[in-house]
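J.: So you can see what is in the structure, the chains are spelled out below.
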Amino acid sequence: MNRYSFAERTVHWLSALSFLYAAFTGLAMWSHKLYWLAAVFGGGNATRFAHPWAGILFALVLGVMFRSWAGQMRLDREDREWLLNSHRYAMNQEEGLPDAGRFNAGQKMLFWFQSLAALALLATGVVLWFPEWMPRTLRLIAIALHPLAAIGAIALIILHVYMGIAVVPGAFKAMVHGTVTQGWARAHHPKWLKEKRLP
Amino acid sequence: MTPTVVKLIDTSLCIGCKACEVACQEWNDQEFTIGTFGGTYQTMPDLAPNFWNLIKFNERETDGGLSWLMSKYQCMHCGDPGCLRACPAPGAIVQARNGIVDFVSDNCIGCGYCITGCPFDVPRLSPETKKVYKCTLCSDRVAVGLEPACIKSCPTNCLSFGERTEMLRVAEKRASVLKTDGYAEAGVYNPPGVGGTNVLYVLKDVADPVSYGLPKDPTIPWSVVLWKGPIKWLGTLLLAGGVLGSFFHYLKFGPKHEEADDDEPV
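Protein chains in written order, with this note's numbering: chain C, 53 to 251; chain Z, 173 to 438.
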């Protein structure tokens with residue numbers, strides 16, 4: 053059965069690629085110990101040049117993603133209950149957890165945190181991009197807030213990638229091909245399956 | 173041990189001849205850009221990527237008159253340079269053992285972080301080369317035992333150059349002379365917040381460096397300290413923790429069931 057449309061998958065993978073490009077070039081400039089990453093991206097100057105453009109692309113794509121998904125990402129009462137018991141989800145003991153809809157509460161939280169981080173990264177990133185034109189106070193705030201938002205976003209993406217590839221078999225395939233089996237839907241998103249069957 | 177070198181600027185002796193500006197441009201082989209006239213005696217309104225040494229004619233109104241507080245605006249060669257702390261490219265900013273803080277253009281990636289890191293607002297980013305430039309304290313001259321070009325050209329001994337302890341002694345002596353001349357607040361500008369500077373000023377009024385265009389109690393910007401300290405630790409913890417945590421989570425709990433038992437009719 054269909055889970056993600058072609059448009060949704062395109063937006064997801066564009067955001068993923070631009071995020072990874074911005075993240076790795078950013079990590080190169082974040083710490084001297086990771087500066088070797090700059091060589092992978094064509095040297096320090098190329099890294100400095102490409103990082104903001106990758107960031108702009110990421111912000112644009114995330115804007116599109118936000119428009120198409122924000123409505124489905126609202127947290128309801130069951131989601132809150134799910135979050136309070138998320139340690140059980142983490143230990144693969146789903147019995148008693150509220151049934152997840154198209155997106156479970158964890159995915160919804162990821163969506164909101166990443167959107168917030170993207171907004172912060174865009175705002176502070178533009179400030180750091182043009183230091184000669186920006187007031188000093190703004191630059192001082194940005195130079196601390198930008199890496200802070202970035203490590204938060206990267207940490208969540210590590211979790212997201214790990215879960216999508218390793219913890220939930222079939223999830224990666226769903227994001228590539230767009231389809232899942234009904235058994236998969238019943239195991240991971242039972243409420244969504246019911247809603248799909250209603251009409 | 174290599175002695176720390178210091179440029180001493182006795183602002184009370186500056187006559188505003190701007191010979192040091194010309195010497196700086198000549199020695200560093202910089203083209204002179206024609207700027208705008210700002211209604212003062214200053215050559216240029218500000219430092220530029222190709223203009224590293226500006227004599228500021230700070231105007232101060234006195235009883236029925238005007239006096240100039242001369243100051244020389246250039247890199248301060250801090251003991252603890254904010255630019256160096258903020259720089260993400262290893263080897264783009266170096267602090268030599270003699271105290272000179274130098275920019276190495278080959279390693280500079282043009283991000284401009286040093287501009288934010290500098291408490292004195294000295295580095296300038298060139299839009300053409302996408303590199304940052306500032307006074308080198310003529311590291312190329314000092315390396316072969318010569319004094320910096322600006323020092324060489326100064327006709328009034330306002331500028332002098334030498335070993336740090338000796339220059340500090342000379343500076344204190346000049347300040348005490350100024351005090352006996354009636355400048356009770358005369359003193360040496362050597363801000364401790366940036367680990368002292370290897371460009372020292374003798375000011376007629378050391379309690380009011382701002383009138384000379386110098387910041388009072390400059391420090392390394394708090395946000396650069398935050399980024400290079402706690403944020404870096406937190407980041408290392410989260411990123412390494414995320415990867416290791418995922419690894420051990422997988423070993424302990426493994427994947428979820430791919431499909432629910434398909435016993436109920438679809």
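Source of the hints: derived by calculation from the structure; they are not laboratory data.
Just so we're clear, the structure is a prediction, and the values are computed from it rather than from any experiment.
Among these hints, one or two may not hold up.
Claimed, not checked - Here are the simulated DSSO-like pairs of lysine-lysine, each with C-alpha atoms no more than 30 Å apart in a straight line:
1) K302(Z) to K85(C)
2) K190(Z) to K351(Z)
3) K428(Z) to K303(Z)
4) K225(C) to K248(C)
5) K324(Z) to K400(Z)
6) K404(Z) to K428(Z)
7) K424(Z) to K248(C)
8) K225(C) to K345(Z)
9) K85(C) to K404(Z)
10) K225(C) to K424(Z)
11) K190(Z) to K303(Z)
12) K400(Z) to K302(Z)
13) K324(Z) to K190(Z)
14) K428(Z) to K246(C)
15) K243(C) to K424(Z)
16) K225(C) to K243(C)
17) K85(C) to K303(Z)
18) K85(C) to K400(Z)
19) K424(Z) to K303(Z)
20) K428(Z) to K243(C)
21) K246(C) to K225(C)
22) K190(Z) to K400(Z)
J.: For the pair we were handed, K225(C) and K248(C), check the Cα-Cα distance against 30 Å.
T.: Given that 30 Å is the threshold and the Cα spacing comes to 20 Å, the pair holds.
J.: Take a quick look at whether K404(Z) and K428(Z) sit within 30 Å of each other, Cα to Cα.
T.: Not satisfied, since the Cα-Cα distance of roughly 34 Å exceeds 30 Å.
J.: Take the C-alpha atoms of K243(C) and K424(Z), compute the straight-line distance between them, and say whether it is at most 30 Å.
T.: Satisfied, since the Cα-Cα distance of roughly 28 Å is no more than 30 Å.
J.: Given the hint that K190(Z) pairs with K351(Z), does the C-alpha gap stay at or below 30 Å?
T.: holds, 27 Å
J.: Below or equal to 30 Å on CA atoms is what counts here, so check K424(Z) against K303(Z).
T.: Violated, at roughly 50 Å.
J.: K85(C) and K404(Z): Cα distance at most 30 Å?
T.: Given pair K85(C), K404(Z) holds - Cα atoms ~11 Å apart, limit 30 Å.
J.: Has the given pair, K85(C) with K303(Z), been kept, meaning a C-alpha gap of at most 30 Å?
T.: The hint holds at about 22 Å.
J.: Taking 30 Å as the top limit, are the C-alpha atoms of K324(Z) and K400(Z) close enough?
T.: violated, 39 Å
J.: For a C-alpha distance cap of 30 Å, please report whether K246(C) and K225(C) respect it.
T.: holds, 22 Å
J.: Would the hint linking K190(Z) and K303(Z) be met if the CA-CA limit is 30 Å?
T.: holds, 26 Å
J.: Given the proposed pairing of K400(Z) with K302(Z), does the C-alpha separation stay at or below 30 Å?
T.: holds, 24 Å
J.: For the pair we were handed, K225(C) and K345(Z), check the Cα-Cα distance against 30 Å.
T.: violated, 78 Å
Hint compliance for this structure: hints 3, 5, 6, 7, 8, 19 and 22 are broken, all remaining hints hold.
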